Amino acid sequence: SAVISQKPSRDICQRGTSLTIQCQVDSQVTMMFWYRQQPGQSLTLIATANQGSEATYESGFVIDKFPISRPNLTFSTLTVSNMSPEDSSIYLCSAGTSGSYNEQFFGPGTRLTVL
Amino acid sequence: AQSVTQLDSQVPVFEEAPVELRCNYSSSVSVYLFWYVQYPNQGLQLLLKYLSGSTLVKGINGFEAEFNKSQTSFHLRKPSVHISDTAEYFCAVRYANDYKLSFGAGTTVTVRA
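Same order as they appear, the protein sequences are chains A and B. Sequential numbering from 1 applies to the first sequence in the numbering used here. Sequential numbering from 1 applies to the second sequence in the numbering used here.
Read the hints as simulated data drawn from the structure, not as lab findings. Treat the hints with caution; some may be incorrect.
Said to hold, decoys possible - In the EDC-like style, the derived pairs of lysine to aspartate or glutamate whose C-alpha atoms are separated by at most 20 Å in a straight line are:
| id | chain 1 | residue 1 | chain 2 | residue 2 |
| --- | --- | --- | --- | --- |
| 1 | B | K100 | A | E58 |
| 2 | B | K100 | A | E103 |
| 3 | B | K100 | A | E54 |
| 4 | B | K49 | B | D85 |
Keep in mind it's a predicted model, so treat the numbers as computed, not measured.
So here's chain B without its partners, still in its complex pose (with noise of 0.2 Å):
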């Protein structure tokens, strides 16, 4: 069964300070995977996806992230986070011959001022 792993259950951070949000998952068949951001009392809405090409992703808000496949890694970053980016950030992985998402535990991110 593939597993996915949210090394940081909580990550506070200054704003315009940097932040890496860390992921890992278990799996020995290609994937797919997924950052999504739950702001407070919304659903999720997808930052960014990895399905193929560049190790490097460019998503919305000014987030990316790299596709590590040696180290089965998806770490998520921002150079310069701001007030409106405290939420939480879960990663999810899928197969790629399945269709089901499995997601992390999540890491909430508080930004300060």
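Chain A on its own, in the form it takes in the complex (with noise of 0.2 Å):
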């Protein structure tokens, strides 16, 4: 298993500025994702946080809004850019390995309130 931390529990921000959230894994990982929560939603993958190059967005997510950085097999950030209310979520970073037999673990969630 893999225990995961994550930075800010929360925060309440002004609309137009940026929050960078960190997640830290007690363990070397191959795969960290990025989740976005909306209230009283599921939950949305926002992206993979691949390390050494580029995180791979899905559909309705992109860099400018949401850049993602994973210098190592255990850190990884997500910078909620530019927000506004509608940025207002729970932001979960999730982590596992790859193989057929996987799973992932999830960190404590960052809540974001936007102004």
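Since each chain sits alone in its own frame, please combine them into the complex, following the hints.
Written as structure tokens, this is what we have:
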């Protein structure tokens, strides 16, 4: 298993600003992902964070709005840029190993409120 | 595209009563199936998973689920719930040749004394 921590746990931000969320895993993992959970909704995959290359974004998400870094096998950041109230969500990091039997472990999430 | 349907958005249940949360998926290929639980103000925790083998899967906290390939279902059950089982439950599916999870909309379980 993997233990995942996220910082910050919550934040309240002003419209037009940017916030960077950090995700740290306690062991080396192949795959890291970022999800968004809007109020009362399920999880939507934003992107797969690739180590040493650009992240792979899902339909509806773009790098300019959600730049992602992954400098090594245990750490990733997600930036929410030029925020608007519609970006108010919980952002979750997850991680796992590749292979047929992998499972994803989730961080506690970052609760973001944009005013 | 794969999709996951959780048929009940809200399930109120009395303490010590049984509960079943329904999950159906659409797929014509092999899938791996998961149930996650999200307690208030927390992240997701894996309850159980079906990868292969026995279709009845036992997980943590007394939960179990049964994979039914012909009905493309993976319903979650617990014979006797506790107040502490109050949470959001998510069914998730992954294709055998993919790494991405698709989540259902979630089922809110509220356990009352």
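Identify every previously stated hint that the structure contradicts and give their numbers, smallest first. none
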